[in-house]
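*Asks:* Okay, here's what each chain looks like letter by letter:
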Amino acid sequence: MISGGLDSMLAAKTIMDQGIHVEGINFFTGFCVEGHTHAIRAKDKEKPKRNNSLWVAEQLGIKLHIVDVIEEYKDVLINPKHGYGANMNPCLDCKIFMVNKAKQWVKENGFDFIITGEVIGQRPMSQRKATMPIISQESGADDLLLRPLCAKSLPPTLPEREGWVDREKLHDFSGRSRKPQMAMAEQLGFTEYAQPAGGCCFLTDASYSAKLVDLWKARDGNKQYDLDDVMLLKVGRHIRPGRNFKVIVAREEGEGRFMQGYKKEFITLYSSSHTGPLVLVDGSPSAEDLFIAARITARYGQGRTAEQVDVTIADKDGSERVIQVKPFGADEIPQEWYI
Amino acid sequence: MSRETLNARRLLCPLPVIRTQDKVKQLKAGDQLEVICTDPGVMQDIPAWCRINGHKVLETSSGDNEYIIILEVGES
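From first to last, the protein sequence lines are chains A and B. Mapping to our numbering: the first sequence position 274 is 267, numbers consecutive. Mapping to our numbering: the second sequence position 34 is 642, numbers consecutive.
Calculated from the structure, these hints are not laboratory results. Just so you know, even glycine gets a beta-carbon here, dropped at the ideal spot from N, CA and C. Accuracy of the hints is not assured; some may be wrong.
With a Cα cut of at most 20 Å, we get these calculated EDC-like pairs of lysine to aspartate or glutamate [claimed, not checked]:
1) B/K664 to A/E51
2) B/K633 to A/D61
3) A/K256 to B/E674
4) B/K633 to A/E101
5) A/K56 to B/E674
6) A/K56 to B/D672
7) A/K100 to B/D672
8) B/K633 to A/E16
9) A/K256 to B/D672
10) A/K56 to B/E683
11) B/K631 to A/D324
12) B/K631 to A/E101
Chain A residues, not near chain B, derived (Cβ > 10 Å throughout) [to be verified]:
13) M177
14) E313
15) Y331
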């Protein structure tokens, strides 16, 4: 299983160095951090837009299979048996789910066992000594799951017992320190690698999690979501003046361009008398609500200090009307509206 | 040899790669696939995916906020 980080890269390399054919598998839940934000935000234009799992596979010289698990992942996020971490991250359930999917893939594609880059004690929720057997058992992978970086501290798995893999050439890394991995990377000549530090998933982010919880609350506790919901929580400034609607204000040009793609699904607003951001309205706003949305739109544009700003309201069918509003003052938007 | 087009507009990486991967599974070696995207990240990711999976990028182009990659399916 290739996440794109250093550990899974080293785990795969450890097994490849024993002359074993390895192919990578990577799961896309919809909450993966990298590609999306880089693609959306103009300010990130200078950052490399590479997908780290593809990059790792290329460094290792192995094939990579990326699997879309967006639909199936919903149940993991909505009903995590082992609960959430510090935010809305169901890390243990997520790992069990992914190992289970890998097990199915291995069976369907004629492979013999699964390798992960897990290290005992590396992560507080999913990578502890106590959780290692839980992942093996509940995923159904059992002793087909080999963790090359900490295998020597765990009972021998089938590949080790059968002699497919030489246990003596595996490792006994443990704890949060990444020094052993970094030393190993240096020894292998890997000078460049991603260091996600727990941040490869948006669900570990407090701000993102707050927006997700708000979305569910606004839908009367209905936790179903689609990919567009997930994407829109990643962009813009989210402001909820009322339970029935919220506004999403583009923070910069790249976000505005991305949000343009949603003009047929949402009412949109923009200042037509001054330069300003594109704003999406999510929910079922009344005429009074749209007036508030227009004042917010004006607040974040160049006309923020003007007495009056023209704001165009575009319906989903493309029809437009213009209203005149006084922008909200600097302190007039209540803090509790900000999600 | 056939040539097909995949519309991956509005999808952000890695979804264009996943859709390309799934489409290529339905094609034969030597077939060509034109992938049309709006995420600039594809200019890096789809060629990388092609390199590691044995497919060949024949042409890349961009303009009007669209990114087009034409690839030839390799032997699996």
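*Asks:* The structure should be examined with respect to each hint, and the outcome stated for every one.
*Replies:* A quick look at each hint next to the structure:
1. B/K664 to A/E51: holds (15 Å)
2. B/K633 to A/D61: Within the cut-off at roughly 15 Å; holds.
3. A/K256 to B/E674: Roughly 18 Å separates the two Cα atoms, so the pair holds.
4. B/K633 to A/E101: holds (15 Å)
5. A/K56 to B/E674: Roughly 27 Å between the alpha carbons, so the hint for A/K56 and B/E674 is violated.
6. A/K56 to B/D672: Measuring from Cα to Cα gives roughly 33 Å; hence the hint is violated.
7. A/K100 to B/D672: Roughly 44 Å between the alpha carbons, so the hint for A/K100 and B/D672 is violated.
8. B/K633 to A/E16: holds (17 Å)
9. A/K256 to B/D672: holds (18 Å)
10. A/K56 to B/E683: holds (13 Å)
11. B/K631 to A/D324: Violated - the C-alpha atoms of A/D324 and B/K631 are around 52 Å apart, more than 20 Å.
12. B/K631 to A/E101: holds (19 Å)
13. M177: Its Cβ never comes within 10 Å of chain B, the nearest being 23 Å, so this holds.
14. E313: Fine: 22 Å to the nearest Cβ keeps A/E313 off the interface.
15. Y331: holds (25 Å)
When the structure is compared with the earlier hints, violations turn up for hints 5, 6, 7 and 11 and for no others.
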